[in-house]
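*Asks:* Take a look at the letters that make up each chain.
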Amino acid sequence: MLKILLKNRLLALADQLTGQSKGKKAAKLGTYAALIVLGILILIGCCAGVNALFGKTCARLAEQGEVWAVYGFAGAAGFILALFLTLFYAQGVIFEAKDNELLLSMPISPSAILASRVGSVYFLNSLFTLVMLCAAGYTVSAQTGGIGVLNWILVIVCALLLPLLSTTISCLLAWLVSYITRRTGKKVLVQTILSLAAIAALFFVTMGVNKNFFATFAESAGDIAQAFRRTLYPLYAMGLAIAEANWGMLLIFAAICIVPFGIVYYVLSKSFIKIVTARNAAKKQKYEAAALKSSSVVWSMTKKDLTRFFNSPAYMTNAGLGLLYSIGLTIFAMVSGDSIIKNILEKSDRISDPAAYTTVIAAFVISFFAALTTISGCSISVEGKNLWILKSMPVRAKDVLTGKLLSHLVLAIPVSIICSVLYLFVAKILTVPGVILMFLMPIVFHCFNALLGLVANLHFGRLDYPSIAKAAKSTSSSLIPILSTIFLVIGSATLYFVTFRDSIDVTVYGMIVTALVFAVDVCLFCHLRSNAAQRRWDQLG
Amino acid sequence: MLQISHYTKQYSADGPKAVDDLSLHIRPGEIYGFLGHNGAGKTTTIKACCGLLDFTEGEILVNGMSIKKQPLECKKIMSYIPDNPDLYEFMSGIRYLNFVADVYGVPTDVREKRIAEFADDMGITDALAEKVASYSHGMKQKLAIVAALMHEPKLLIMDEPFVGLDPKAAFILKKFMRTFCDNGGAIFFSTHVLEVAEKLCDKIAIIKGGKLLADGDIETVRGNESLEEVFLELVDDIKVEEEHA
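Protein sequences appear in the order of chains X and H. By numbering that gives the first Met the number 0, the letter at position 421 of the first sequence is numbered 420, and the numbering carries on one by one without gaps. By numbering that gives the first Met the number 0, the letter at position 176 of the second sequence is numbered 175, and the numbering carries on one by one without gaps.
Hints are computed from structural coordinates only; laboratory data are not their basis. Using N, Cα and C, we set each Cβ at its ideal position, and we do this for glycine too. Treat the hints with care, since some could be wrong.
Here are the in silico distance ranges between beta carbons for each label pair [claimed, not checked]:
{"id": "1", "chain 1": "X", "residue 1": "29", "chain 2": "H", "residue 2": "64", "range": "45 to 51 angstroms"}
{"id": "2", "chain 1": "X", "residue 1": "171", "chain 2": "H", "residue 2": "165", "range": "38 to 44 angstroms"}
{"id": "3", "chain 1": "H", "residue 1": "165", "chain 2": "X", "residue 2": "103", "range": "24 to 30 angstroms"}
If we strip away everything but chain X, and leave its shape as in the complex, we get (with noise of 0.2 angstroms):
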């Protein structure tokens, strides 16, 4: 019972890797192939990657004696992405699935239902901790000419044994955000909050690791890897098991590994039931008259879809990543203003005029992040099973999709505005043209991106997703805005460069860009509001 239920849990697990839920065999066959030449890929690169930038370390740890380190890291690093990777998954694939009381109801003990479950994030969990151990291995091999056979044995086993230990800890914090939202009845909250914390940290890691990282992390990795030995002992008996392939290390590591995961098991195994049957414990809000107001259509609309974005953690997080990587290298420039324009004027021996350079180039640093908000262009696809609604009302496809173009706008041009305003006073702008480019290309790059996400989503966009987050993370008509934008934003600005540097003025060109984009703006909203536009919607669903 438990391989069925294991071999169903990882087939909906390729189905959602693929986007395939249905189709002939030979195509899915086709797709998995696909998926394993990619995952093949994917090895390859990182094992390149992390040799490029870590050999010089792995070749000082290894003169120092220290090659276990290497093994420790790369654990670390495969330890946390699973982590972050597969919280989201485990608590719904655990906790709130929606066929554990159809699987309950069947003689099925709960313990094989668990294990499945289980079964499936420990699969994920191992494979990017066994991407990055094989990455250490070939690095370690590539810095030191070679490792044994043995050594590669250990890699693997290893690989196996710490995914229980990253699985362990899913599957904890997935029951306490169970907790949490049950009790509380926030899951938007909680979630959000949670998605958020790990955005800021990846972007904090990310921000960190600037070009000086890896050579201080080189000249002092005898201190880390003695930190690490101190801090992060499981780590550091991994290390050494696989790099002078000791046995007593290998047997504490696999006892840290088996005997947490063995408990966790055991007592979700025991409460299985009782947690996935439990009542939300918030108290419910009771109804009490009060007046309601009234509004036109496309505002109507446009209300819908923005509760529609604001009550979902993964729509938020994905289509409205733009808005915060906006505020947060706006602040970041703020910070850092001075030595940014600096380093563009060092740069720039041509330059002229240095305040309307730093002028223009801001305006295109906003417009870049403009790219990275895609709330358009998902909104007809996470309509979904809800389309009905629209579509057996009066209401015309130029109000809808107007509804939708708006509710990205709102969002959008106040954040761009705000960053507006606090580029001017990083860049010190004093001349009216730069200050009227600085908030008018935003905007219009914004536009322009929402409208592009738009037509792409009503012409191109899949409406068979079974959940708003799956539609807003596997929307792919969402790239045809996001690579639009980046290329127009960098196209015309490389242009500049290359071409017109010295005979247009760079204001005036930062004018025309704005000019034609917003040319583009207007026949893109002339096409939402046509009879072509109108026909389309009438065929979706």
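Given the coordinates of chain X, work out where chain H should sit on it, guided by the hints.
*Replies:* Only chain H this time, still in chain X's reference frame:
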């Protein structure tokens, strides 16, 4: 109120006809039941009547207006309740009703009055502050019914409206359907529950494999037999007496 003439639906050019040359006429004041097995073509027909699905041949008129040529005008005077009401789960019940009222342009004082009345009848007033995601299937069905009544439609099209309703809500809905039609409205609904159709409908149509088998006044269709017997004979070629024997 609703006239379906030679309606034919083919999902693909070389595929079979999901519904073949169906003609029905639902007049004001009539409750018209639409019966048939799963996959007979009931939902396909109902969706076409609401403008949710394009069709291959024929014409559907709502109050004399073509659903193909004047969909907005048609939709203004009718309401649709699907069999599985996938409503906006991210909204509270009251916000959903207010949204529907906004789209149909129902004045605020009128919408407040109607929400109070219909939600109370359906027994969902207390739950209106909760998110639709927390509603049971029956609660969603009730909310969909209240939303459908917000703009006082002349034509109600319902797909299996009694599925998931508790006995009280089902009783209230049946009573409401009768009153609605007595006041000049028309109802076209599909159902599997033959007892409901027998007691509630003025007219029925029975469909099998996309083809109309029988339609007309309930007394005319069933003759001296029960509706169940007629249905089984027509749809499954089963003689009830023989089965019993």
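*Asks:* If a hint holds in the structure, say so; if it does not, say that too.
*Replies:* Status of the hints after comparison with the structure:
1. With their beta carbons about 49 angstroms apart, residue 29(X) and residue 64(H) fall inside the hinted range of 45 to 51 angstroms.
2. The hinted window of 38 to 44 angstroms between residue 171(X) and residue 165(H) holds, with their beta carbons roughly 40 angstroms apart.
3. For residue 165(H) paired with residue 103(X), a C-beta distance near 25 angstroms keeps the hint of 24 to 30 angstroms intact.
Checked against the numbered hints given earlier, the structure satisfies every one of them.
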